[in-house]
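**Q** Residues per chain are reported as follows:
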Amino acid sequence: MMLANKHDTARGHIQAILGSLVNIEFEGPARQNEICFIQHEGKSLMAEVIRITGNIAQAQVFDSTRGLRTKTPVVFSGQLLEVTLGPGLLSRKYDGLQNDLEKLPGLFLERGSYAPPLDEDCQYSFIPLSHKDALVCAGDWLGEVQEGWIQHKIMVPFSLQGQYRVAFLAPEGKLRLKDTVAILQDETGREHTATMVQRWPVKKPLLGYRQKIRPDTILTTGVRAIDTLNPLPEGGTGFIPGPFGCGKTVLQQAISKNAKVDLVVLVACGERANEVVEIFKTFPELPDPHTGRKLIERTTIICNTSNMPVAARDASVYMGMAIAEYYRAMGLKVLLLADSTSRWAQALREISNRLEELPGPDAFPVDLTAVISAFYARAGKVILRNGQTGSVTFLGTVSPAGGNFKEPVTEGTRKAARCFYALSQRRSDSKRYPAIEPLESYSKYLEYPEFRQNLEGIMGEGWLDLVEAAKDLLRQSGEAREQIAILGDDSVPLEYHEIFWKGELIDFAILQQDAFDRIDANTPLARQAYMLRLVMGICRRRFYFPHFEDTAAFFKKLIHLFKQMNYAEFGSANFHDYENQIHAFVAEKSS
Amino acid sequence: MRKVYTRLSKITKATVSLFAQDVSYEELASVDGRLAQVIRIAGDEVTLQVFAGTEGIAANARVLFLGHPPRLKISDELVGRYFNAYGDPIDGKPPVAGEYVELGGPTINPVHRSQPSEWIATGIAGIDLNNTLVTGQKIPFFADPGEPYNQVMAMVAMKAQSDKIVLGGIGLSHDDYLYYKTVFENAGAEHRTVVFLNTTEDPPVERLLIPDLCLSVAEYFALQKNEKVLVLLTDMALYAEALAIVASKMEQIPAKDSMPGSLYSDLARIYERAVQLPSGGSITIIAVTTIHDGDITHAIPDNTGYITEGQLFLRRDTSVGKVIVDPFRSLSRLKQIVIGKKTREDHPQLMNALVRFYADAADAKTKLENGFELTHYDRRALDFAREYSRELLAIDVDLDMQKILTIGWQLVAKYFEKEETGIRQDILDKYWPEK
Ligand SMILES: Nc1ncnc2c1ncn2[C@@H]1O[C@H](COP(=O)(O)OP(=O)(O)OP(=O)(O)O)[C@@H](O)[C@H]1O
Ligand SMILES: [Mg+2]
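Going line by line, the protein sequences match chains E and R.
The first sequence begins at 1 in my numbering and counts up by one.
The second sequence begins at 1001 in my numbering and counts up by one.
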């Protein structure tokens, strides 16, 4: 880690220790949220100032505090918590503080050891995209280098405010990260050197675009219960709350594999190491279904598992967001996934409690909702200054205490995110995966006319009405089920059974999806449109069965055939064979 | 010579405070001979948690700082031995020689972990079929205090292939302790067991030491000797309660159910030490978390469930009069890695079909209880459920995988039609038993 080599930074020593919180008695200009380093037995332990009272700075330590003593010296860095941005971020595995996990020495994560996020000696072929004397602003493209399969834009540093004149621009050729790419002159004639790397305080939104626009294009996740029923657009926000074991991680991982986006930033925040290991091991092997490249080529992983320092959980989500925003400024579609944002909220709670702040509900900090909202607000679709568009779509999981959605993190997130994918214990217990409750969930983007138009364009005319009809049928089916349960099978009209079973058909054929089946795991939009039309075509028919047991038998057979169809390659002989069987079977039974 | 302090500034039920210099965070101390640990330093005032409790501690108690965090001498000599929460022998044999290892040290860099991939066969069909376990996994039994969870856990421990078994008794009743001892002896397993014990009679705060002792020993065997280590922790609910005691004495604001706000991180720190290493060594943690009246929304099971890779639920099935592994609430998250791959290809689909029918039977049962007529299908489902429960779910069923799958197919075919199974056609074609 870099220490600012300035004289105007503060110094101090430890005065108190409680868990990951230390009080530092300091002299000099300590700043709120400044990074400082505790000098312990030859190691530098990183910490962030989170409150200053008089000459005492309270800091959360991103490491174990074992062995620390009072009087241990602390040096302040003069910098806030920053992310390093530049070519080479792709395919990396970082911890919450952007240490490259592959480069950290030893089997164990020893405290006080750091590994630089980028490879400074790596050479890139630079191609200028601007020219001498051009007038530029933060985020404008100066040039590009090839990073894996993407043209990584070298941008005017985001920290520069106002307009600059390009006084020098490197010609085409090989450059290292820290070589001068451009010299930029501000209005007063002062010169700023731009290299391929820049640093950015993670907690500040990275702007540098012309304007943010309303999301208007569907982001294909390949999950039917999302794309068909409650679609998430590029640049949209959504959250997945659910009790433990209901499938949040499986769902998010499925999306990380199948989503049609340029890049995926995965933040494993306070969850299991084994889940991250699975990604480490499988992503280099698995293909991106849209490009055939390996998944790892489009993925950056930020990993702060539950046994890693709690304070760094807070850092990890912001690291992920800043990296996503950075690539968005290159005109890319980025998907940011965080599992689980509740662990981040809990980290905030732990620190807030240690600071003895006045607690809000369930002892969470009172400003929790505001913090969550500010974070979600950083997602979005933007028009860059050169007219191109880019997006950061954010989808976070929430792990509600006791599975109760009326707890502060779920409620706070509900206010911030516009798509809601509620996982229920009931569906999960009956292994109806993904356990997304179709009716409780919503996509508020369906209110946007431009988004509706986009959907009708892709899925075909009349699509939204068809989806509404499917939702209505699910609702009616639920009501019929209740009536049957209250009154008994033979005390309700036969029609109730038919309605109930039509809902079951939609559930089994459309909503349920096997995340572990090679084919069923990912359903392209064309197939989703095809299947819903097929299912709804059947649901619109009236059937007349002599007895409710016949109704059940008929639909069970139908469901069986649909499942086979879902396991078959779209458009394959097998697929059509089952489809024909379905048509024949339906024709036989309908009037 | 280290300085001796003789003036306490504050005494609570679990902690003492005093003014002292040059104390390091988390170092150990002795308070009138009782082991204590530094849990807060504020200027010159130091707060210690006293593991054995503070009953009878005088304001002028002698406090001596030991200059090191909790540690244990670790070597092969630990095997076959019994220790208390301080790592002192309780089996009348001499102390163990070995290297000091600091407890609760750093975590393994996730890039150096392997993906768990080795199936652990237990013979208990309700586990092997529906909740298949894998080395490197962490999974608790959620059980009401009345359930025979210690017996089941001992059974699993004896049947599972492992090189070492480390048992951590956390508020274990003396009878249960003797039970484990007998099981280990009878199975001739004492050459591969290590036991750390805190019984119901021992002070509750001492319990906080047990998991770290067990896991440090497990790490020694898994890392240094490339062994497969099984760690049994019973009962982790009592560990959580000990955390709550200390937190409340520290005047921390409790979160849900009077538990400390850091409960998730505290438990994760322990469970996440389960690991599969590339060398073949592994640590698998099987724990017990007792719950009350089946309430899994209580903060202890809730936070546990969010950390562990599934949970095993024991329940008495009154229709067959046996304790079963409940297929609804039980889950092994890692089963995906092995089922159908290390086990036969039809395993996942058959397993799902069986559980679905069992769920239909549960619906039928509700119907019956509400006084409704049952359909033919309902009756088939109910008959199936009883047989499924007795033949496969009951904890006394001891079968190999081949046999489990055979019985599974026979049950499905006996009560249902192919079309009712939802099983993929190629699997049906290959495995459907001809009647
Ligand atoms: N789409 C799916 N298809 C098949 N099985 C699934 C699916 N989703 C979830 N499961 C099953 O549920 C288990 C738990 O899922 P997952 O780990 O995603 O839960 P979670 O909500 O993330 O839980 P936690 O909050 O504890 O992390 C999986 O291991 C798997 O067995
Ligand atoms: Mg999860």
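If you are wondering where the hints come from, they were derived from the structure by calculation, not from laboratory data.
Careful: at least some of the hints might be erroneous.
[Claimed, not checked] For each label pair, taking beta carbons as the anchor points, the in silico distance ranges come out as:
| id | chain 1 | residue 1 | chain 2 | residue 2 | range |
| --- | --- | --- | --- | --- | --- |
| 1 | E | ILE486 | R | ARG1316 | 52 to 58 Å |
| 2 | R | SER1258 | E | LEU487 | 55 to 61 Å |
| 3 | R | ARG1379 | E | GLN476 | 25 to 31 Å |
| 4 | R | ASN1186 | E | ILE486 | 33 to 39 Å |
| 5 | R | LEU1064 | E | LEU286 | 22 to 28 Å |
| 6 | E | ARG51 | R | SER1319 | 30 to 36 Å |
| 7 | E | GLY460 | R | ARG1316 | 39 to 45 Å |
| 8 | R | GLY1294 | E | GLN146 | 54 to 60 Å |
| 9 | E | LYS294 | R | SER1258 | 44 to 50 Å |
| 10 | R | THR1366 | E | GLU440 | 19 to 25 Å |
| 11 | E | THR53 | R | GLN1161 | 41 to 47 Å |
Backbone N, C-alpha and C define an ideal beta-carbon position, used for all residues, glycine too.
**Q** So, for every hint listed, does it hold in this structure?
**A** Hints, one by one, checked against the model:
| no. | hint | in the structure |
| --- | --- | --- |
| 1 | E/ILE486 with R/ARG1316: 52 to 58 Å | violated (29 Å) |
| 2 | R/SER1258 with E/LEU487: 55 to 61 Å | violated (44 Å) |
| 3 | R/ARG1379 with E/GLN476: 25 to 31 Å | holds (28 Å) |
| 4 | R/ASN1186 with E/ILE486: 33 to 39 Å | violated (55 Å) |
| 5 | R/LEU1064 with E/LEU286: 22 to 28 Å | violated (58 Å) |
| 6 | E/ARG51 with R/SER1319: 30 to 36 Å | violated (60 Å) |
| 7 | E/GLY460 with R/ARG1316: 39 to 45 Å | violated (54 Å) |
| 8 | R/GLY1294 with E/GLN146: 54 to 60 Å | holds (58 Å) |
| 9 | E/LYS294 with R/SER1258: 44 to 50 Å | holds (49 Å) |
| 10 | R/THR1366 with E/GLU440: 19 to 25 Å | holds (23 Å) |
| 11 | E/THR53 with R/GLN1161: 41 to 47 Å | violated (57 Å) |
The structure is inconsistent with the numbered hints 1, 2, 4, 5, 6, 7 and 11, although it conforms to all the rest.
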